[in-house]
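So the protein sequences, as listed, match chains P and L.
Each residue of the first sequence is one higher than the one before, starting from 1 at the first, in the working numbering.
Each residue of the second sequence is one higher than the one before, starting from 1 at the first, in the working numbering.
Because the hints were derived from the structure by calculation, they are not lab data.
Do not rely on the hints blindly, as some may be mistaken.
One copy or two, it doesn't matter: identical chains are merged, so the pair holds either way.
[To be verified] Okay, derived cross-link-like pairs now, BS3-like style, lysine-lysine, Cα gap no bigger than 27 Å in a straight line:
1. 54 <-> 130
2. 74 <-> 332
3. 15 <-> 64
Being a predicted model, the structure only gives us computed values, none of them experimental.
Protein chains: 2
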Amino acid sequence: MKASPVTKVKSNIQKDIALGVLREGDRLESVRNLCRTYGTSKDTVCKALAELAKMGLIELEARKAPRIRPWKEKRIALLYASKTEIFYDTFWDEYAQGILAAFEGHPEYKVEIFNIATSGSTAVAEAIEKENCRGIISLGYQYFDRDNFRHLNELGLPMVFTGPDPMEGTVNICSEFSAALNEIAEQLQFPEQPIPLYCLHTGTGLKNVAYSEKFYQTGKMLQKHFGISISKDDIVQREYDDDLAFLAQITEKLRRRKRPNLAILDSDCIGPVFFRALHDAGLRCPEDIAVFSFDNLPAAQFTIPALTTIDLRRAETGRLAAQHLLDILDGKPATSTQHSAAVIFRESFPQKTAHHKKYKTNNGEAK
Amino acid sequence: MKASPVTKVKSNIQKDIALGVLREGDRLESVRNLCRTYGTSKDTVCKALAELAKMGLIELEARKAPRIRPWKEKRIALLYASKTEIFYDTFWDEYAQGILAAFEGHPEYKVEIFNIATSGSTAVAEAIEKENCRGIISLGYQYFDRDNFRHLNELGLPMVFTGPDPMEGTVNICSEFSAALNEIAEQLQFPEQPIPLYCLHTGTGLKNVAYSEKFYQTGKMLQKHFGISISKDDIVQREYDDDLAFLAQITEKLRRRKRPNLAILDSDCIGPVFFRALHDAGLRCPEDIAVFSFDNLPAAQFTIPALTTIDLRRAETGRLAAQHLLDILDGKPATSTQHSAAVIFRESFPQKTAHHKKYKTNNGEAK
């Protein structure tokens, strides 16, 4: 959809305010000059100015050029999209902690949190417009459809995204975990080939699995180190809120003649259900099946066995995203950045070299 | 704080609209008559009418009595206060499901959810005022302070509360679980006296434990069946988000010379941490310590061992709360109501009679 001339004038001025090109108390050009600048009619400019005044961004005075209104608080919109998955509030909290920490040295900004999943994108965009927001940090893309983006883009605010699946043309901060996966592979010393089982924590639909960076990188690692690939048949996925069906799926895979001996959990949050399936099948971890996971959620240390997991360092992602947005607001350039994930070795996949643990064969004999 | 005359007139008219005394299209009395009815000045009445018009509840026309505006949707405000505890969104969801099911036969109402914990009570009260709400269902009291109540009461809308700790003078729906506790006690056949450990899932502060109906009823059950009482020393409580400290507290209690042999978890959500502490201490459940819990959260079936738990039947609480509110809106009387909780026996505290399981002594020998 092409922006209307009114929207174009409005969002350009809004952007200049957001970026600090126009500062509190500054006057805009006269209406006549604005018409010239934007190559548009007086009617269009006046409509755009009226909308900006309604948003509280400018003050209109008779016979004077409009003035940028002073604001008590400049805000930063923090967008997330929790669909209230078990464990997942903790997940989002860690990003938020990193972001809030970065803004502690910038009391002129107040971070306001918006949930796209519960409020809807139109309402969020409207709220952001009213709130004197100067920039947007969005946690992930996968929850945003074309309409979300349209609404947000029309605000004309600088945006920084986080998450492992970067979108072209945006500033994106994420964690690089191929090195962490290689570190895991080096500890994986089976007597036979690994037989993988990839457990997706939420039903994205098989067609989307390929778009999951976690799945993609895990596949690359297995290919590189062991010459194997993950087939459709090696994947189970949890539909939202149906853990019993998920347990049944895992149980079925654990009963296969070529039983998996390496399980990869897309997120720690499915650890409890996975270990319950293992327990019911009479299998031991890590003796019969080695398990590693992603996310390093707090609960991963309490499962029995405790989960070896790849820590994506969400607080650091949040801190860097905030820093990048502050740079953009300062007029400095900012580009997409990756930082390193870390493996946390725990009981489900112990670190052979560090703990001098012996892996056992499927018969339970020490190797 | 005493309500101003303007607020008094405004909230009385608002209440009449909410209760259906004044219906869509009805005309109010003339300003002159309203002055007489409320014993107040024309200025006060006009201010009140202006506010009602701004809220969109009435239409003002020159030389005519104000008219009640037609609305597309009558709304019901559903208040909750999730502080994003692990597992707890599932907890609230079940209430909401019961409520939404009850309103399915009443398409004239739309249920709107407000979170007191994240939005604050003033903002919630303001939103409710704008949204043509006709009644309020509040999930629990414990999150509401005096100010919350003042804001909500000033709205003059009928309210129904849920939760096991009823407040005097309100319509309250809750689950009655003393019978469920007695059922558990009858299965509890220790060779020696039970030594209890009560684990609170959230740090309410020891002083508030006594106000927890779960704790109070459990104490009554232990007194009645075994002649013992729970002392301060038999309680551990989890501070928000600090599961490691909670684990350490439990571990310390499990090391006592008079080791607990009966653990009561205030909510299933602390099951994983509790069982981890048990595992690390080398204790078996239920052989060394019997465990039961409250809430019947979905995750309780996946812990190892699976949790015996008291199901407070939150969906039923929600359904009854909605039904009571619909009754009030219909002009029928409604009083506080209790419905029965149910015990779900699982591995952590098996049902002796049903499963013919034998309890073992602390030495692990079958009794």
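Results for each hint:
1. 54 <-> 130: For residue 54 and residue 130, the Cα distance is within 27 Å both inside one copy (9 Å) and across copies (19 Å).
2. 74 <-> 332: within (19 Å within a copy, 50 Å between copies)
3. 15 <-> 64: within (22 Å within a copy, 47 Å between copies)
In summary, the structure agrees with every hint in the numbered list given earlier.
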